[in-house]
Amino acid sequence: MVAGGSLKSLCITATGLQKRYALANEKSVKRAVDGVSFVIREGERVGFIGVNGAGKTTLLQLLAGICEPSDGQLDIVGKVTAIFTLGLGLRDEVSGMENIYVEGELQGRPRHETAQVIGEIVDFAELGEFIDRPVRTYSTGMKARLAFSTIVHIDPEILIVDEALSVGDARFSTKATRKMKELTQRGKILILVSHSMGSIQDMCTRCIWLEDGKIKLDGPPTEVTKAYLDQVHKEDDGKLFERFKRDLVDESLVSGWRVESLDARRGADPDPVRTLITGEPASLSAVVRGPAGHGFDLRMHLRRLDGLVVREALASANGHSMVVADGGATRVHLSLGPLPLNYGTFLARFDILVDGQLVARRSTLFEVINPRPHKGGRPVLVYPSTLNVTPVPA
Amino acid sequence: MQPAVISAKSVTKYFPKCGRMGWRALLTGLSLTERFVAVDDVSLAVTRGEVVGILGRNGAGKSTLLRLIAGIYAADKGAISLAGDVAGLFELGGFGNGQLTGREFAQRYLQFYAVKRSLWVEVLSDIHDFSELGSYFDEKILTYSAGMAARLYFATATAIPHEIYLIDEILSVGDEHFQTKSWARMRERLAAGASGLLVTHNWSAVIKLCRTSRVLQAGRVVLDGRSDTVVACYLDLPKAQSDRARLVVEASTVMHGTSGDTLRIVFVVEIWQSVAVEAAVSIEALQLGVGWEPIILTEFCAVASMPGRYSAELIVDQLPIAPGDYLLSLFLAAPPDPGTGARDVLDACGWTYGNGVTLRIDGAAGGGLAPFAVEWSQEAV
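Sequence order for the protein chains is A and B.
Positions 1 to 394 (our numbering) are the ones given, in order, by the first sequence.
Positions 1 to 381 (our numbering) are the ones given, in order, by the second sequence.
So that you can see chain B by itself, here it is in the shape it has in the complex:
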């Protein structure tokens, strides 16, 4: 077992529950009887080169836990130890002063982390460049939009390598282009051996960065395991009633296909009531800690509307998917409500529901992830 870079043992944090904190209680240090537990007896260990995901809904205690580990809050009970210097990718990280310009903020950060003066010019120009703030870099932070400020913090906190990154949602900052850059930089830092915690309610971020994850609920760790399993439980997608129509798919089935050939996926649908049933299929690539990418997602197609047992065959010509293992999800739903456009899901099977099907594709590699048909030709200029 590798030594832990981030370690928390039975960490607990209380906040006063109701009313104002009495000055008497504050001055005398008498215990507050009215209090609630924001983080309740949480233990975790993160080894070098690993990022652990913390999923949870609003108010579950995620941000409190991250701030406890960063040392912004003091824990009421338990012990926290960190082996390395920490970059907190949230808020202003203690440098919060809107009167500073972006450049001054970055300088203060470099000063705090004792970065050699000789490196400043280079690092500052990198921060300026990465944050894409342009001339705003020399304007006060209070004139920034939320997105600009977040870009500045991200660029600053990741400009110099740290050993530990505590990330609060920050990877969902900015537009697509900035997110791409942020992910690339995070991966670079992690490949160099950094570790971290990612606190988020964006489950796809967890899949992309973390092999293992926890779920926090009311301050407690309620789930701990492989990120895909944890995400499935976290999502806790409403289990379809399966009382009007049902997919007949055996659990842990492996289906097969060949890259470039016609793919045929056969599944059985049972309909018990006179209800219009439509089906859709998705094929997704998923590698924990690397990425999650739906490749093909079919539109909903009509199956039938009379009770009975039906065999449905999905046909994809010249399957444009590279060889490998993929996850297959199947959905049965009623036609969309004409007013709201929402669909009633009748039954579903897929990894997010905890009953996924593997699609194994063989064939020759080398055409990229999606080797769709292309045609070369040549002509005179």
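Isolated chain A (complex conformation):
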């Protein structure tokens, strides 16, 4: 590795990079990173995504120089600062204050320079009088705060950030996130690992999707995150039903009556789906079997997985009377309009009522995805509104 000279343009080049681990009690090896090649040039902000175990952390460790590649080549031009390694080096026996100086020296900043900014670092850490006590007296949250604060004043060349790091309580975490965004603006190369597709899209110019230690896709963040989410959702579909099937019912309480099928649909698409998209046309569709020509009423019960009853609707209350067709079955649709539900997992149940009495019922599960989640919170609904403004005469 070469230290970055001011004339050299910063660059990371990986060629056939590999990291193998021997598995305990087994002859086999695990390839955490398996033949990865890429070039990252100055000015690029690259996000790494992938499911747990895809090799993101190992790759980050390789880039940060924490571990050595088993095979392949890694050339880095520039000084690397890795945020996830922070706090590994806190020295338990000395005070928080002294740790700030030491950490500064590790980052190549002499003591007299740290002295100029120490006030700001101490303020940022919000440790109060604890700053003069040995680090071993700190709670975990306090250590994290100290570790994070020590990087407030770095001027990074290549900045590696593992966003999974959680820092202190909610208030400090907001402050830290804001600081981190500022830092990423200052870094000449940014490498970010995150589970938040929002952060990747906000902060990165390029996105690399890792799967089983290999690069699955490398390209603009919007495209790569979309492809990644599509695959994750497809896999989740199967798991969703596996996990919650015991919450599902299919009951016939009076013989002859049954809800034969119930599923969610997107728009005019006749195929059942397990994921619906916020804001896009959605409906529930059921086949009801019963004595031909017999009238019935239908009640829909929709609840979020945590038990919140979001919507109940009775067909007769909306002026609909249902009749079983001559063949002994009928299809019933319930349009949910442009879906106003926010992301989450929902359980929908159709109850068949004859003269007010429950004769059959069935439920289904679906997941709602909101491609543009609200930044300020997670409301139950995503519902349109307008704001009209008129000047008030003085």
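What the hints contain is simulated information worked out from the structure, not anything from laboratory work.
Check the hints yourself; a few may be wrong.
[What the hints assert, rightly or not] Straight-line C-alpha distance at most 20 Å; calculated SDA-like pairs for lysine to any residue:
#  : chain 1 : residue 1 : chain 2 : residue 2
1  : B       : Lys181    : A       : Val249
2  : A       : Lys245    : B       : Thr180
3  : A       : Lys175    : B       : Thr180
4  : A       : Lys181    : A       : Leu305
5  : A       : Lys375    : B       : Lys181
6  : B       : Lys181    : A       : Lys175
7  : A       : Lys181    : B       : Ala342
8  : A       : Lys181    : B       : Ala334
9  : A       : Lys375    : B       : Pro338
10 : A       : Lys181    : B       : Lys181
11 : A       : Lys226    : B       : Ala342
In this text the structure is predicted, and so the values were computed from the model without any measurement.
Once you've looked at the hints, dock chain B against the given chain A.
For chain B alone, coordinates are given in the frame of chain A:
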């Protein structure tokens, strides 16, 4: 006044402050001069069926207080009494041995609480099931991830009913599905008359579980009251300067709307400097000890950018909200910084700022919390 199930009177706990604890001091019992107060003269009482929330930032002494009450630490001063057996939902609760398998851990727990052998098979299968550990239940705990371990402890500690639950953040364990199950189980236990303390910095958990709360700061109780009031003070959201733009809303205003009709909310905005001002509105359902749920949260919309006085009217067609009382929050902010995406809040009014507005919605109930428009139709198979 009901008798207290958990009672702490003037409880104080010191920890040595600096340097190593000298062996001389340790052996001779001479008082340590260098010490700091982790919990300082805290008194509290929890009655049956009640969960009291303890909010506080890192290092405020929350966890120390919980461990004092659980009997893990001995108090230096004061008295603690508990009327009932205690389940501590934190760490390994004294059974911490990574060499145990999940099953052995659970067995040890049942043995400690003298659960009848005849019940073991059933309870263990419940723990196995609830924790969703699958085949890992028979693996050593040291091979678990933090989330798996937390699931095991929660499942074990709540498998048999206890009278007192001391909860440290645990309700934020696992994914959404596991959290849902945990909440349901906690509610079940509380409905059956259990009591507890919930220590957390997650304020929404406090709103959902506790009618009253305290805030700990530097070991002292600095605030005590209704959870919503306490949360507002705890959050201590930076008061907007209100020097560039201001919301003109009278305190404790009640606004009205009708479920299914067009909702119109009118508020006045004063702008004093040439600054682009945007507004957002949120409508939230809040019931102490039951839940908190934002229902509608609008995006920020432009108000104006020239000094002056403006009337803003928010219109929501076919208001999809069930009848009841809701809390309304209004925000004024500058457009987001193009780099960081952060917004400068210019003014805000809402319950978290201690100046909320009530939105009273009337109309017919029975369509669920969010009776949005749906359309039935029928066709031949």
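Looking at the structure, which of the earlier hints fail to hold? Structure breaks hints 3, 4, 5, 6, 10 and 11.
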